[in-house]
Amino acid sequence: MSEDKYYRSLTRSIVLIIIVVSCTPLLLIAAIAGYQFQTAYKHKVMDHLAALVERHRENIDSFLREKLADIRVIGSIYSPEQLSDERVLENLLQSLQEHHGGTFVDLGFVNEEGVQVAYAGPFKLRRVNYADAQWFLRAMSNPYTISDVFLGVRGLPHFIVAIRVGGDGASWILRSTIDFVHFNRLVENLRVGKTGHAVIINRDGELQTQSVDKPALLPEKFVELFEGRPEQTISLMPGEGLSAPPGYESFRLERHPDVKIFEDRNPTTHSETIYLATVLKNGDWILVFQQSVHDAFRDLYEARSITVGLIILSACMIGGMAVYLARRTVKRIVQADREKEMMNEQIIEAGKLASVGELAAGIAHEINNPVAIMVEEAGWVEDLLEELRAESTETLEEVRRALTQIKTQGARCKEITHKLLSFARRTDPKVQVVSINELVQEVVGLSEQRARFANIRIRTHLTPELPPIAVSPSEMQQVLLNLINNAIDAMERKGGAIDITTRLEDGFLVVDVADTGEGIPKANLQRIFDPFFTTKPVGKGTGLGLSICYGIVKKMGGDITVNSAVGLGTTFHIHLPVAGGGSLAASEPDR
Amino acid sequence: MKDIRVMLVDDEVPFVDTMTKRLTKRGLDVVTAFSGAEALEKLDGMKGVDVVVLDVKMPGMDGIETLREIKSRFPLLEVIMLTGHATVETAIEGMKLGAHDYLMKPCDIEELLGKVKEARDKKARHEQKIIEAKAQSIVLRRGD
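Protein chains in written order, with the working numbering: chain A, 714 to 1304; chain B, 561 to 704.
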């Protein structure tokens, strides 16, 4: 259970490491490149917009200047007397309209009192008194004037270009109305994207142009803003002529020093708008370009969402990959751990054998002496009995039987201790290069006699020309004899057959010893190589045979495995490494 | 048979006792010792021991050491090693050092008897040869 937990946490940490290691550079690159790109792009956009605004300002200014210049030319060429003549005005208007399209709507000549003494144009404005009109007041104090847009007498938006004409103390005003539609077009042309458009406002915050779009900010407020009186809702960074709103500090529009930039966030809709403003008409008017931030940086936002999408996609892929890799790695680790565990078990098994071997040797040696004494004593009593031959035959026979029994059991003890000792220390561990087939035949020859008594046939299936193996022949014989004896024991009641096969498999020599006996129950199968494990009746087996075999085969660098089916029989497989050119035998010192 | 004098050397006193009884009953002249040192001491002061039956594993001076000492002091004396199974290799080593043979404990009395006789015969043969050689040398000297 805790192992599962360990592997799960291992999986988790591998997944985390992979994700962190792979995603960190990705995110860093995305963040850095994204920031750089955003800055550059914003700078470029703002630069472009500022250039656009500046160009339009120049256009509008030059438009106004041009119109003013035309009127001034007229004012300087014609005398007030001539200008008071409506026919002259008519002619002038006609030629102006010829050269400037419909820009000049009318021409009027106004005296000091504000009365229009002469008029040429589509409206009947003769004798109209302009004494109270703002433009008139301004015109009287300035050599030339361009008025704000106003509705005036005719009730249509228009503005007036006026100059003061005259000498001798008397002042006349020559005025002309500029076609508003024509002028408006100049501003309307300034359109960028979906929401970017321009308006002109005067210093009082009155709109000087008509616009399809409603301005996001009240013109009055904008003037305040432009004048440098920031309101709470307006984010404005005061600067020297040029202000950079938050987020725009990084770029300074050095090439367009007359353009101010603001940013405003509508607190209710959270929509952000950027404003670019510049002054017109000697500072009377302000040209304001406005565009929603989202619109202005649409491409940037699109690129950003694509990037974010890509990053999310890659992160998902990395995550998936990490999980897959981690699972696979941990699976391998689990497998490796299992293999290690199995190895450990084998080592424990080997260690068990070795320690049992040592213990057995010690005990056997110690027991040998008392057994020897007992046997000798029994022998001595027997010797003594020889002398008492004649007396009381019956008792004598009984004593003799008891002695025989003692001797027999002593002999059994001796056999057990000898086996134990051979288990601990093999008598002849000298390694030689031998042919496995010859060994098998020798052993079969030894066992055949016993097998015949038990009605068992031993059949050999030997693959010819097998490579030689480097083993101790006596040990190998011991192993084979043990297996054959076990097989015979397993079939003693019913008889049967033992098949011994030698073959080559995966670079190992394999000897199979198969019997047709009763098989080994599954519960016993795991314990058959344990020392002292036996199913034979007391006195018949020591339980050491197979563990001796196991120890010998393992020591040779081989392996011994068993397949068994209850009722069908048992097969032992001995895997032995092929001799490496007989070097083992050569290096073995001669004893 | 009476003419064979055997020395039994083993630290197991009951074993030596019983063996002595049995071998004596079979007509052997048995001398006993319970350690290597004792054996050497007795051999020094005693003439006519033919065969030593020597246990390999003894406390103090072990069988191999004792054997080496016996062989250096009494080269003609035949030794039979008596061994537990675990010390067979030592016994074989002993044979390389000049022991006549080895026996495994618990040993069969008849087998022991046979080996003792063999050893005695071998010793007798050796002595015979030595006598002959001596006679020859005398003969040769006389011929000078």
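The reader is advised that the hints may include incorrect statements.
[What the hints assert, rightly or not] Simulated restraints on C-beta separations:
#: 1; chain 1: A; residue 1: Pro1234; chain 2: B; residue 2: Glu625; range: 33 to 41 angstroms
#: 2; chain 1: A; residue 1: Glu1161; chain 2: B; residue 2: Gly608; range: 32 to 40 angstroms
#: 3; chain 1: A; residue 1: Glu1161; chain 2: B; residue 2: Lys656; range: 53 to 61 angstroms
#: 4; chain 1: A; residue 1: Arg1045; chain 2: B; residue 2: Leu657; range: 39 to 47 angstroms
#: 5; chain 1: B; residue 1: Lys677; chain 2: A; residue 2: Glu1079; range: 27 to 35 angstroms
#: 6; chain 1: A; residue 1: Glu1052; chain 2: B; residue 2: Glu625; range: 45 to 53 angstroms
#: 7; chain 1: A; residue 1: Asn1057; chain 2: B; residue 2: Arg633; range: 18 to 26 angstroms
[To be verified] Far from chain B by the CB rule (all over 12 angstroms, computed), these chain A residues:
#: 8; residue: Ala746
#: 9; residue: Leu781
#: 10; residue: Arg785
#: 11; residue: Leu1013
#: 12; residue: Ala1028
#: 13; residue: Lys1053
#: 14; residue: Asn1082
#: 15; residue: Ala1091
#: 16; residue: Leu1175
#: 17; residue: Pro1186
#: 18; residue: Asn1237
Hints in this document: simulated from the structure, not taken from any laboratory.
Remember, it's a predicted structure, so these values are computed and weren't measured experimentally.
Think of the CB as a built atom: it goes at the ideal place given N, C-alpha and C, for glycine as much as any other residue.
Tested hints:
1. Checked against the given bound of 33 to 41 angstroms, the beta carbons of proline 1234 (chain A) and glutamate 625 (chain B), roughly 53 angstroms apart, lie outside it.
2. In this structure, glutamate 1161 (chain A) and glycine 608 (chain B) break the distance hint of 32 to 40 angstroms, their C-beta atoms being roughly 52 angstroms apart.
3. Between glutamate 1161 (chain A) and lysine 656 (chain B) the Cβ separation comes to about 37 angstroms, which falls outside the hinted range of 53 to 61 angstroms.
4. Against the hinted window of 39 to 47 angstroms, the Cβ-Cβ separation of arginine 1045 (chain A) and leucine 657 (chain B) comes to about 59 angstroms, which falls outside the hint.
5. A beta carbon spacing of about 31 angstroms between lysine 677 (chain B) and glutamate 1079 (chain A) agrees with the range 27 to 35 angstroms that was offered as a hint.
6. For the pair glutamate 1052 (chain A) and glutamate 625 (chain B), the supplied restraint of 45 to 53 angstroms holds, since their beta-carbon distance comes to about 50 angstroms.
7. Take asparagine 1057 (chain A) and arginine 633 (chain B): their Cβ atoms lie about 56 angstroms apart, and the range 18 to 26 angstroms is violated.
8. At the 12 angstroms boundary, the C-beta of alanine 746 (chain A) stays outside the reach of chain B, the nearest C-beta of that chain being 81 angstroms off.
9. The non-interface label for leucine 781 (chain A) is consistent with chain B: the shortest C-beta to C-beta separation is roughly 133 angstroms, beyond 12 angstroms.
10. The Cβ of arginine 785 (chain A) lies farther than 12 angstroms from every Cβ of chain B, with a closest approach of about 138 angstroms, so its non-interface assignment holds.
11. With a least CB separation of 92 angstroms from chain B, leucine 1013 (chain A) remains clear of the 12 angstroms interface cut-off, as annotated.
12. Annotated as non-interface, alanine 1028 (chain A) keeps its C-beta farther than 12 angstroms from every C-beta of chain B; the closest such distance is 71 angstroms.
13. Listed as outside the interface, lysine 1053 (chain A) is consistent with that label: its C-beta sits roughly 35 angstroms from the nearest C-beta of chain B, beyond the 12 angstroms cut-off.
14. Distance check for asparagine 1082 (chain A) against chain B: the nearest CB is about 5 angstroms away, which does not clear 12 angstroms, and the non-interface claim fails.
15. For alanine 1091 (chain A), the non-interface assignment is contradicted: its Cβ lies about 9 angstroms from the closest Cβ of chain B, within the 12 angstroms cut-off.
16. For leucine 1175 (chain A), the shortest C-beta to C-beta distance to chain B comes to about 33 angstroms, beyond the 12 angstroms cut-off, and the non-interface label holds.
17. The claim that proline 1186 (chain A) is not at the interface with chain B holds, since no C-beta of that chain comes within 12 angstroms of its own (minimum 18 angstroms).
18. For asparagine 1237 (chain A), the non-interface assignment is confirmed: its Cβ lies about 29 angstroms from the closest Cβ of chain B, beyond the 12 angstroms cut-off.
The structure is inconsistent with the numbered hints 1, 2, 3, 4, 7, 14 and 15, although it conforms to all the rest.
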